[in-house]
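Trainee: In the working numbering, the protein residues as written are 1 to 583.
Any given hint could be a false lead.
To be verified - Pairs of lysine-lysine residues, derived as BS3-like cross-links and limited to a Cα-Cα distance of at most 30 Å, are as follows:
| id | residue 1 | residue 2 |
| --- | --- | --- |
| 1 | Lys-257 | Lys-289 |
| 2 | Lys-531 | Lys-498 |
| 3 | Lys-529 | Lys-316 |
| 4 | Lys-257 | Lys-529 |
| 5 | Lys-316 | Lys-498 |
| 6 | Lys-312 | Lys-335 |
For the record, the hints were derived by calculation from the structure and aren't laboratory data. Quick caveat: nothing in here was measured; it's all calculated off a predicted structure.
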Amino acid sequence: MSLDGIVTRALVHELQQVAGARIAKIYQPTENEILLHIRGQKAGGRLLLSAHPSLARLHWTEQNWENPAEPPMFCMLLRKHCEGGIIESVRQVGMERIVWLDIRQRDELGDVTVKRLVLEMMGRHSNLILMDPASGRIYDGIRHVTPAMSSYRVVLPGATYVAPPEQHKTDPLEETESGFRQKVVLPALTEGDAWDARAAEQAIVQAYTGISPLAAREIVFRAGGRSDGLWPAFRQAMDAVAHHRYCPNMAETPDGKMLFSALELTHVQGQRQVFGSMHECLDIHFREKAERDLVRQRTADLTRFLANEIAKNEKKLLKLEETIREAEEAERFRKIGELLTAQMHLIKRGDSVAEIIDFYDDKQPLVTVPLDPQLSPAENAQRYFRKYNKLKNGKAMAEEQMEAAKREIAYLESVLQGLAAAGPADIEEIREELAEQGYIRERGNAKGSKKKRKGDNPSVLCYTSSEGIPIYVGKNNTQNDYITCRLGRPTDTWLHTKDIPGSHVLIRSPSFGEATLHEAAMLAAYYSKAKESGNVPVDYTLIRHVRKPSGAKPGFVIYERQKTLFVTPDEKAIKALPCEVKT
């Protein structure tokens, strides 16, 4: 991962100004993250401590986090032992991704005590632990580790703190030239002075603590393809780290992957952005990822539910299609009933088959028809007429149910698309919509609050086109209905992906240029199920030609007099457009 010991060292160095600052508030917005609201003369703000299995990190954050109604137990414990406390020091353990925050506070008896917050940013083994540094006793951890989970150490209240297992690597800041040659240069040599760059990268990662594959790749690149350039490149990079000369930067690879480092990423052949601090770099890098992860956590139950409901309706469609295929036999049964009625004199009770002439065929062949020997000839004829009526009625009912199932699938897919585009603030709107439609039960907190919010306008995204025209985008059905049925004026232009679940988009102006139309179409494609596709069809028409049928589900409209254009979503172009949330 990009967050290695070098980045951690840069982060901790920038945090030295919090020494002497007070922890005013503590929140736990998710199961993996803690927010410390810090006030101090030299430094203050919201410090994020994350023990996320794939997004573990430590940095000041400007991101807006939504806190749960009831704080988790670990948050309550931190408030008891750390809230109001003074941060004495922030330290990194060697070059590891482990950070200690020592916090001084008075206990219930008025005695001054020191607690230690240990943040271990170790991938899926990440943890945040509150402990007593004097006794080594653990108060609790954000993630428990039981004896059944690990034979090396236990993270439970009352247990003794044991640091993560050592990797027995060398501290790169203390390495000598001879040691480096032994650990890196010699293993990378192939024949003569020729050397393998990939082998050199692996040797650096395996030999030194705190150096990620990304940092190793940068050091090898700076060597300029020469084995005698490896040590100078390594020493230059480590000197910069030792003296805190960092270059917080983020680079985008040709395949769109975003990388960050405290070393300048000269080897990445893509756009680079340099930041004033390592904290700012991480906050921007992780903001969208963290938000997407938070949305996934909070909507996992809804996503599963919607996927199951869609699967049920798809199975129902298959059964209905089978019913309709069977109903194709209806006309044959009617014809047999009429033939039996016309030739009843040839049949008697007790016959199991009847050979009758098919008058409907020009050749008038003899056909064999199965009979029920327990029934009279007339009753056998009526039996075939009943089969005919049953299949005919069943076909009409099946066709009606098929249309209903298709509408149901379209609606559920629109809600699923709304979840894919949702931010943390949009989730409750989607839950309320599903509750109002009878798919899920209302949560206890929502029952009393729904009436209060019923008349409120939902918050929607408002982009500004390159021509200065406002473009509104709905990210779920509640927002879509608001944009189309309440916000839009008859002369405004409405857009939606053709036959693809997606957002309603509104150009709120009677006149605009081709650039605005193209950008609005691109937004419609970007906020749709076809986000990753190319050449997406987008319909557009005046809002006066769009209407919502009576009793239709949220987000469903019909429209006419539309035109279609084809666009390919461009995320960079969309992010370049000014955007704000409006109510």
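Trainee: Going through the numbered hints above, which ones does this structure break? Give me the numbers in ascending order.
Mentor: 6
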